[in-house]
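Kindly produce the complete structure, drawing on both the sequences and the hints.
Read off the chains here:
2 protein chains.
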Amino acid sequence: MVDKTKSLTVPALMVEGADQCADLFYGSGFMPVDPVVFLDAGQHRTLVVPMLEFGRAREEAKGVEVVLPDDIKIPKKRGRSISHWALALLRREGIRRVRVGSFFPAGVMKVLERNGVKVVVEKGSLYPGRAVKHADEVEKISDSQRAAVSAMRRARVILAEAVAGADGRLRWQGSVLDSERLRTEIDIELLRKGCHARDTIVAGGAQAADPHERGHGPLRAGESIVIDIFPRHKRSGYWGDITRTFCKGKPLPALARMYKAVLEAQQLALDMIKPGMRADKVHQAVCDYFDERGYETTVKDGVVRGFFHGTGHGVGLDIHEAPSISRIEHVFRAGEVVTVEPGLYDPDIGGVRIEDTVVVEKSGARILSAFPKKFGIG
Amino acid sequence: MVDKTKSLTVPALMVEGADQCADLFYGSGFMPVDPVVFLDAGQHRTLVVPMLEFGRAREEAKGVEVVLPDDIKIPKKRGRSISHWALALLRREGIRRVRVGSFFPAGVMKVLERNGVKVVVEKGSLYPGRAVKHADEVEKISDSQRAAVSAMRRARVILAEAVAGADGRLRWQGSVLDSERLRTEIDIELLRKGCHARDTIVAGGAQAADPHERGHGPLRAGESIVIDIFPRHKRSGYWGDITRTFCKGKPLPALARMYKAVLEAQQLALDMIKPGMRADKVHQAVCDYFDERGYETTVKDGVVRGFFHGTGHGVGLDIHEAPSISRIEHVFRAGEVVTVEPGLYDPDIGGVRIEDTVVVEKSGARILSAFPKKFGIG
Numbered sequence: 001m002v003d004k005t006k007s008l009t010v011p012a013l014m015v016e017g018a019d020q021c022a023d024l025f026y027g028s029g030f031m032p033v034d035p036v037v038f039l040d041a042g043q044h045r046t047l048v049v050p051m052l053e054f055g056r057a058r059e060e061a062k063g064v065e066v067v068l069p070d071d072i073k074i075p076k077k078r079g080r081s082i083s084h085w086a087l088a089l090l091r092r093e094g095i096r097r098v099r100v101g102s103f104f105p106a107g108v109m110k111v112l113e114r115n116g117v118k119v120v121v122e123k124g125s126l127y128p129g130r131a132v133k134h135a136d137e138v139e140k141i142s143d144s145q146r147a148a149v150s151a152m153r154r155a156r157v158i159l160a161e162a163v164a165g166a167d168g169r170l171r172w173q174g175s176v177l178d179s180e181r182l183r184t185e186i187d188i189e190l191l192r193k194g195c196h197a198r199d200t201i202v203a204g205g206a207q208a209a210d211p212h213e214r215g216h217g218p219l220r221a222g223e224s225i226v227i228d229i230f231p232r233h234k235r236s237g238y239w240g241d242i243t244r245t246f247c248k249g250k251p252l253p254a255l256a257r258m259y260k261a262v263l264e265a266q267q268l269a270l271d272m273i274k275p276g277m278r279a280d281k282v283h284q285a286v287c288d289y290f291d292e293r294g295y296e297t298t299v300k301d302g303v304v305r306g307f308f309h310g311t312g313h314g315v316g317l318d319i320h321e322a323p324s325i326s327r328i329e330h331v332f333r334a335g336e337v338v339t340v341e342p343g344l345y346d347p348d349i350g351g352v353r354i355e356d357t358v359v360v361e362k363s364g365a366r367i368l369s370a371f372p373k374k375f376g377i378g
Numbered sequence: 001m002v003d004k005t006k007s008l009t010v011p012a013l014m015v016e017g018a019d020q021c022a023d024l025f026y027g028s029g030f031m032p033v034d035p036v037v038f039l040d041a042g043q044h045r046t047l048v049v050p051m052l053e054f055g056r057a058r059e060e061a062k063g064v065e066v067v068l069p070d071d072i073k074i075p076k077k078r079g080r081s082i083s084h085w086a087l088a089l090l091r092r093e094g095i096r097r098v099r100v101g102s103f104f105p106a107g108v109m110k111v112l113e114r115n116g117v118k119v120v121v122e123k124g125s126l127y128p129g130r131a132v133k134h135a136d137e138v139e140k141i142s143d144s145q146r147a148a149v150s151a152m153r154r155a156r157v158i159l160a161e162a163v164a165g166a167d168g169r170l171r172w173q174g175s176v177l178d179s180e181r182l183r184t185e186i187d188i189e190l191l192r193k194g195c196h197a198r199d200t201i202v203a204g205g206a207q208a209a210d211p212h213e214r215g216h217g218p219l220r221a222g223e224s225i226v227i228d229i230f231p232r233h234k235r236s237g238y239w240g241d242i243t244r245t246f247c248k249g250k251p252l253p254a255l256a257r258m259y260k261a262v263l264e265a266q267q268l269a270l271d272m273i274k275p276g277m278r279a280d281k282v283h284q285a286v287c288d289y290f291d292e293r294g295y296e297t298t299v300k301d302g303v304v305r306g307f308f309h310g311t312g313h314g315v316g317l318d319i320h321e322a323p324s325i326s327r328i329e330h331v332f333r334a335g336e337v338v339t340v341e342p343g344l345y346d347p348d349i350g351g352v353r354i355e356d357t358v359v360v361e362k363s364g365a366r367i368l369s370a371f372p373k374k375f376g377i378g
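Which chain is which? The protein sequence lines are X and D, in order. Take the first sequence: its letter number 178 is residue 178 in this note's numbering, and every next letter is one higher. Take the second sequence: its letter number 18 is residue 18 in this note's numbering, and every next letter is one higher.
If you are wondering where the hints come from, they were derived from the structure by calculation, not from laboratory data. Fair warning: there could be bad hints in the mix.
Copies of the same chain are indistinguishable here, so a pair counts whether it falls within one copy or spans any two.
What the hints assert, rightly or not - Think about it this way: if two alpha-carbon atoms lie no more than 20 Å apart in a straight line, the pair counts; the simulated SDA-like pairs of lysine to any residue are:
1. K123 x E113
2. K260 x F332
3. K110 x R97
4. K110 x K123
5. K281 x H134
6. K362 x M51
7. K73 x V121
8. K62 x S175
9. K123 x G376
10. K250 x G222
11. K373 x A254
12. K193 x G174
13. K110 x V120
14. K110 x R96
Below you can see the structure in the form of structure tokens.
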């Protein structure tokens with residue numbers, strides 16, 4: 001699972017905790033709670049962990065030497081600082097030059113540099129091989145995607161059961177159905193499938209026109225409701241990602257047209273993706289398609305309309321990872337897992353985004369766990 | 001809410017995303033999704049956010065200038081890199097020296113230094129004033145703590161309803177009650193209270209003797225079951241933290257003795273805490289108490305027994321923040337919010353940890369949202 005191409009030249013150093021540990025987990029098999037130090041010198045890989053993590057690290061990090069700070073002779077008064085764990089480890093291994101990720105902690109880098117270690121900051125992952133998934137990784141992403149689909153199904157059932165009051169507000173099981181309540185039901189379904197989600201989006205009406213708005217307050221009939229579910233599997237650490245847009249009752253013509261344009265743009269992108277195809281050309285095709293349909297992207301008085309995010313991003317141990325389907329040049333390779341998620345946004349009409357997660361295969365993009373793309377809910 | 005003492009001298013620079021944004025949120029009132037740049041120059045505070053975050057940032061960041069990368073004249077080809085957002089902002093403001101946190105991204109620091117900016121890495125928070133909570137912050141932590149208590153109550157009800165089979169394994173509502181299932185029920189209750197939790201611990205038997213083990217597999221009667229619940233409120237961003245240890249049925253005498261020692265040690269610590277008291281002396285008192293009761297801390301063949309973590313840590317926008325109740329010297333101040341969580345661990349007996357979150361007040365430690373500390377569950 002470990003990409004050796006680069007690690008044979010300059011050793012890779014990671015200082016990562018629970019919040020951000022995709023590279024460390026990929027390289028070591030260990031998912032830390034508090035920050036730990038991991039050195040990948042190709043043949044020899046070493047983890048420095050606090051006493052509290054020692055037992056679990058030895059069990060989970062296969063083929064990795066696991067040591068305690070005391071084992072690598074850190075001066076007692078410095079033993080509390082993770083910078084000095086890293087420095088002592090490099091000294092023991094006789095390493096004076098390391099590669100680190102762009103989110104490597106500045107505090108640790110300062111200590112290393114002050115002590116003569118040359119630190120090279122990489123732009124992307126320390127394991128560029130992470131972009132191309134092995135079969136077992138695709139299976140793990142599929143697991144998370146199945147959980148996401150299950151939660152999306154639950155959301156659609158709730159919207160189907162909901163009824164609109166005279167004021168258009170939806171009610172479900174006797175009380176108002178707001179974004180918060182629907183999100184809770186979605187997140188509960190994810191928990192039951194072994195996943196957790198932090199930022200599930202349930203955004204209706206004008207909120208749906210802001211792609212980063214999580215959504216709050218009552219949901220209404222006739223408006224677009226964007227539901228974006230991206231769970232992480234608790235056991236595997238891999239993410240899934242799916243978005244659907246629904247409308248309870250009949251959408252206004254402008255909104256229905258917007259939905260049709262996004263649906264067609266997504267299909268266009270899905271049809272283009274295959275090994276050897278340029279990702280940036282897929283993105284450009286989506287942009288062009290929207291432009292041709294009259295959905296130019298504009299900024300006026302601080303309000304953005306149109307399509308103003310990437311067409312997709314890689315999914316794996318990070319929810320956003322390489323490759324992206326955007327203006328950045330990239331040639332698709334078999335085994336890459338990406339989202340395909342064009343969207344259109346206009347505060348006066350609403351927002352529509354349709355997203356699937358696909359694996360790039362010889363024959364094209366294969367959707368991981370399909371779910372219908374029907375806009376209206378009766 | 002913003003601590004001005006230091007920011008008036010050297011401006012503080014933050015590049016933070018959703019995973020780690022306590023300082024940025026504290027200083028700006030804005031909780032980002034993707035990484036953004038925040039500069040706190042005392043009188044003048046500025047956020048640089050991507051187009052996607054613009055609307056929300058302007059709404060949430062009160063008294064802060066919110067700009068897009070385009071607004072600060074970043075060369076087009078560099079506009080995609082957040083390092084150049086930070087650099088362009090510093091140039092516009094004429095700032096050549098900044099303070100950053102120890103987890104500031106190394107990649108951004110390299111670009112700043114290469115362009116003549118002097119970067120000072122701070123050890124703790126850029127807002128040391130975060131340690132002393134305002135009344136509204138105590139209220140927000142209390143909200144999260146109430147959710148945690150509600151989830152703990154739910155866990156105790158489930159353990160009370162559970163029955164032990166002939167093999168000692170617990171069953172509930174017709175099937176095996178394992179750590180995973182009980183954790184899911186706890187996390188669902190937290191969701192219903194507006195919180196999310198990523199790493200709820202439900203660890204029984206020998207697993208309970210490893211304080212970082214999340215717990216897996218069947219729970220059994222007669223064993224200690226450590227339940228550590230630390231939710232974050234979705235809206236406020238503040239954490240809560242509580243731990244209880246239960247035993248379904250009658251514990252063996254060695255385990256019952258261990259529970260009594262931890263309960264007494266926690267009370268000892270709670271009784272000592274008040275403004276002016278040294279936190280490290282509270283920790284030492286807990287260590288001494290355990291030693292006197294015959295619970296020395298030992299390491300043998302890689303197995304650790306006794307008490308080998310801090311007595312407590314600050315709680316706020318981070319789950320672990322200043323001050324800590326450990327060997328580190330600190331004098332308590334009124335308004336600090338800390339956990340008090342001594343524990344004893346022995347793989348041959350089990351593990352016991354009892355934790356409350358308290359606010360330091362003139363009259364002593366006030367527990368935020370109390371919950372009984374009864375070990376046995378009939």
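Right, here's what the structure says about each hint:
1. Taking the shortest alpha-carbon separations for K123 and E113, both the intra-copy value of 19 Å and the inter-copy value of 17 Å come in at or below 20 Å.
2. Proximity of K260 to F332 under the C-alpha cut-off of 20 Å is found in neither arrangement, the shortest distances being 27 Å within a copy and 61 Å between copies.
3. Taking CA atoms no more than 20 Å apart as the test, K110 paired with R97 passes in both settings, with 14 Å inside one copy and 16 Å between copies.
4. For the homomeric pair K110 and K123, the shortest alpha-carbon distances inside one copy (18 Å) and between copies (12 Å) are both at most 20 Å.
5. For a Cα distance limit of 20 Å, the shortest separation of K281 from H134 qualifies neither inside one copy, at 25 Å, nor across copies, at 52 Å.
6. In this homomeric assembly, K362 and M51 never come within 20 Å of each other (Cα to Cα): the closest approach is 47 Å inside a single copy and 36 Å across copies.
7. For the homomeric pair K73 and V121, neither the shortest alpha-carbon distance inside one copy (27 Å) nor that between copies (25 Å) is at most 20 Å.
8. In this assembly of identical chains, K62 and S175 lie within 20 Å of each other by CA distance neither inside one copy nor across copies; the values are 52 Å within and 33 Å between.
9. Proximity of K123 to G376 under the C-alpha cut-off of 20 Å is found in neither arrangement, the shortest distances being 43 Å within a copy and 54 Å between copies.
10. For the homomeric pair K250 and G222, the shortest alpha-carbon distance inside one copy (6 Å) is at most 20 Å, but the shortest distance between copies (59 Å) is not.
11. Taking the shortest Cα distances, K373 and A254 sit within 20 Å of each other inside one copy (18 Å), while across copies they are farther apart (60 Å).
12. Only between protomers do K193 and G174 lie at most 20 Å apart by alpha-carbon distance; the minimum there is 19 Å, versus 27 Å within a single protomer.
13. When the C-alpha separation of K110 and V120 is checked against a cutoff of 20 Å, the pair qualifies both within a copy, at 12 Å, and between copies, at 9 Å.
14. When the C-alpha separation of K110 and R96 is checked against a cutoff of 20 Å, the pair qualifies both within a copy, at 14 Å, and between copies, at 18 Å.
Violated hints, in rising order: 2, 5, 6, 7, 8 and 9; the structure is consistent with all others.
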